[in-house]
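A.B. asks: Letter by letter, the chains look like this.
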Amino acid sequence: MPVRKVMKANEAAAWAAKLAKPKVIAAFPITPSTLVPEKISEFVANGELDAEFIKVESEHSAISACVGASAAGVRTFTATASQGLALMHEVLFIAAGMRLPIVIAVGNRALSAPINIWNDWQDSISERDTGWLQFYAENNQEALDLILAAFKVAEDERVLLPAMVGFDAFILTHTVEPVEIPDQEAVDEFLGEYEPKHAYLDPSRPITQGTLAFPAHYMEARYTVWEANENARKVIDEVFAEFEKKFGRKYSKIEEYRTDDADIILITMGSLAGTVKEYVDALREKGVKVGAAKITVYRPFPMDEIREIAGKAKVLAILEKDVTFSVGGALFQDVSRTLINEEEKPKVIDFILGLGGRDVTFENLDEVLSISKKALDGEKVDEVNWIGLRKEIL
Amino acid sequence: MAESPFKADIERVEKEYSEKMTPGAIAKIPGSSVVNKTGSWRVFVPEFNRDKCVRCYLCYLYCPEPAIYLDEENYPVFDYDYCKGCGICANECPVDAITMVRESK
Ligand code: SF4
Ligand code: SF4
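Going line by line, the protein sequences match chains A and B.
Position one of the first sequence corresponds to residue 0 (numbering that gives the first Met the number 0), numbered consecutively onward.
Position one of the second sequence corresponds to residue 0 (numbering that gives the first Met the number 0), numbered consecutively onward.
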């Protein structure tokens with residue numbers, strides 16, 4: 000029987016790793032994700048998890064050890080955040096290019112400078128072009144579930160890409176919620192043992208991995224990463240369907256919330272989606288036709304689903320905790336690009352908010368709504384809006 | 000200079016490289032180093048004095064590349080396609096049979 004326990008998202012991530020039975024975990028502690036490897040080391044020390052737990056001297060080494068382990072042919076896991084993920088940057092490309100299905104739990108945290116340990120998504124958003132799959136959790140249960148799903152998608156032969164699962168710093172990493180821990184047996188059935196087909200070391204089958212490619216081959220190699228990302232769209236749907244059958248919780252690349260007959264749809268990710276849904280409920284009671292959509296899978300970007308949602312509304316308000324300097328946020332760009340060739344398209348307005356752990360309040364969302372309403376009425380509004388900015392101290 | 004014993008692999012590796020792309024661009028047989036010579040960044044190069052050599056094989060054991068192999072009489076042979084000029088062999092040689100000299104091309 001699945002058991003329910005009250006735990007932080009960090010612990011939920013560690014539990015997911017325990018259930019997935021990776022053979023190697025290499026990690027370096029960094030706030031706010033430190034508890035993930037801490038808890039895993041406890042599992043390993045207690046003999047509850049039969050794995051090699053490698054303590055390394057930096058995140059660069061952590062992901063490098065993971066690449067080595069995964070290339071040797073075993074299921075591999077690590078956790079990090081912020082500067083730690085940034086320190087992994089160059090190796091993230093290598094993991095994707097070598098098509099190694101490593102899974103990273105990311106406690107989404109702001110980047111320096113100034114130093115800030117609180118939540119936004121700039122860390123993993125900055126890694127969106129590495130080829131990794133990206134999932135974002137709304138709550139602690141999703142942190143656990145999405146890690147399990149991420150392993151299955153990553154290891155699928157049509158995909159073979161590494162995956163990161165993000166959950167918001169402190170809002171989730173350090174906040175307790177009831178989480179259902181699935182049965183080990185059920186997880187075993189769902190995931191199966193990782194059987195590497197392409198990347199594994201065997202003295203009787205010598206291969207060269209991560210080799211040099213001249214211009215004649217490099218482009219094709221990169222294209223296969225593109226192709227794998229495309230394939231992942233379908234595989235994710237299949238895996239989510241299987242997950243629902245096995246564990247009863249339903250996931251989709253984008254979750255729509257009260258979008259029918261909505262004039263304005265607020266699109267966001269992570270724990271902010273919870274706040275936005277409550278906000279939508281409050282507004283619906285007042286008769287405002289507004290809906291929400293939560294992006295659960297950010298890479299591959301769910302373009303078909305975005306187009307479907309766009310067909311329902313006149314204004315798409317993108318709420319995001321990241322900045323891509325000079326053009327707006329990353330989500331804003333992705334949504335805009337998705338709709339660029341549509342004949343009829345809603346207005347897309349970007350709202351950058353909640354950076355570095357700034358609370359996102361209903362008052363902030365009122366501001367989002369009032370700008371969106373102006374756009375709905377045909378008034379000209381800024382494409383990019385910084386919400387909750389303390390202009391008086393600038 | 001005697002011919003490198005790896006020369007035979009070159010054709011095999013080049014053929015492999017022309018085959019279809021594998022997931023992760025894995026070369027199904029190893030040996031990219033056979034095609035990609037690594038001896039071109041050298042500043043110093045070992046000069047070998049056969050008359051002094053006592054065939055202790057320390058140079059052969061310590062060469063990190065390994066760019067030293069042994070001929071029929073078990074004297075060391077230096078493969079300059081792969082020797083990176085680190086000078087470890089010269090340092091290890093107990094009878095100074097190896098001197099590092101500035102490479103001139
Ligand atoms: S110089 Fe270095 S690389 Fe060259 S033969 Fe001597 S030990 Fe090997
Ligand atoms: S270390 Fe010196 S003496 Fe020994 S085999 Fe090499 S060259 Fe000869």
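For the record, the hints were derived by calculation from the structure and aren't laboratory data.
Glycine included, every Cβ here is placed at the ideal spot set by N, Cα and C.
Treat the hints with caution; some may be incorrect.
To be verified - Subject to a maximum C-alpha distance of 30 angstroms in a straight line, what follows is the list of computed DSSO-like cross-link-like pairs (lysine-lysine): (1) A:Lys233 - B:Lys27; (2) B:Lys83 - B:Lys27; (3) A:Lys233 - B:Lys83; (4) A:Lys379 - A:Lys344; (5) B:Lys27 - A:Lys20; (6) A:Lys196 - B:Lys83; (7) A:Lys276 - A:Lys249; (8) A:Lys196 - A:Lys285; (9) A:Lys22 - B:Lys51; (10) B:Lys19 - A:Lys233; (11) A:Lys233 - A:Lys311.
To be verified - Using C-beta positions, here's what the derived DEER-type ranges look like: (12) A:Pro28 - B:Pro63: 52 to 60 angstroms; (13) B:Asp50 - A:Ala215: 42 to 50 angstroms; (14) B:Asp70 - A:Glu229: 36 to 44 angstroms; (15) B:Lys19 - A:Glu342: 39 to 47 angstroms; (16) B:Glu71 - A:Glu47: 55 to 63 angstroms; (17) A:Glu229 - B:Val34: 45 to 53 angstroms; (18) B:Asp70 - A:Leu200: 42 to 50 angstroms; (19) B:Val53 - A:Leu200: 53 to 61 angstroms; (20) B:Lys27 - A:Asp260: 53 to 61 angstroms; (21) B:Thr21 - A:Ala240: 52 to 60 angstroms.
Said to hold, decoys possible - With the C-beta cut set under 8 angstroms, the calculated list includes, among others, these residues of chain B facing chain A: (22) Ile25; (23) Lys27; (24) Pro29; (25) Pro93; (26) Val94.
A.B. asks: Could you grab the alpha-carbon distance between B:Lys19 and A:Lys233 and see if it respects the 30 angstroms cut-off?
C.D. replies: Distance ~25 angstroms between B:Lys19 and A:Lys233 Cα, so the pair holds.
A.B. asks: Could you grab the alpha-carbon distance between A:Lys196 and A:Lys285 and see if it respects the 30 angstroms cut-off?
C.D. replies: Distance ~56 angstroms between A:Lys196 and A:Lys285 Cα, so the pair is violated.
A.B. asks: Given the hint that A:Lys276 pairs with A:Lys249, test it: the Cα-Cα distance must not exceed 30 angstroms.
C.D. replies: Judged against 30 angstroms, a Cα distance of about 17 angstroms means the pair holds.
A.B. asks: Just to be careful: measuring from the Cβ of B:Pro93 to every Cβ in chain A, is the smallest value less than 8 angstroms?
C.D. replies: violated, 35 angstroms
A.B. asks: Take the C-alpha atoms of A:Lys22 and B:Lys51, compute the straight-line distance between them, and say whether it is at most 30 angstroms.
C.D. replies: violated, 53 angstroms
A.B. asks: Are the Cα positions of A:Lys233 and B:Lys27 separated by 30 angstroms at most?
C.D. replies: Roughly 29 angstroms separates the two Cα atoms, so the pair holds.
A.B. asks: Please test the hint of 53 to 61 angstroms on the beta carbon pair from B:Val53 and A:Leu200.
C.D. replies: violated, 39 angstroms
A.B. asks: Go ahead and decide if the range 42 to 50 angstroms is satisfied by the Cβ distance of B:Asp70 to A:Leu200.
C.D. replies: violated, 33 angstroms
A.B. asks: Sort out whether B:Lys83 lies within 30 angstroms of A:Lys196, counting only the CA atoms.
C.D. replies: violated, 36 angstroms
A.B. asks: Quick one, are A:Lys379 and A:Lys344 close enough, alpha carbons at most 30 angstroms?
C.D. replies: Status holds; Cα separation ~16 angstroms.
A.B. asks: Has the hinted range 55 to 63 angstroms been met by the Cβ atoms of B:Glu71 and A:Glu47?
C.D. replies: holds, 59 angstroms
A.B. asks: B:Lys83 and B:Lys27: Cα distance at most 30 angstroms?
C.D. replies: holds, 27 angstroms
In the structure shown, a violation is registered for the earlier hints numbered 3, 6, 8, 9, 12, 14, 17, 18, 19, 21, 25, 26, in ascending order.
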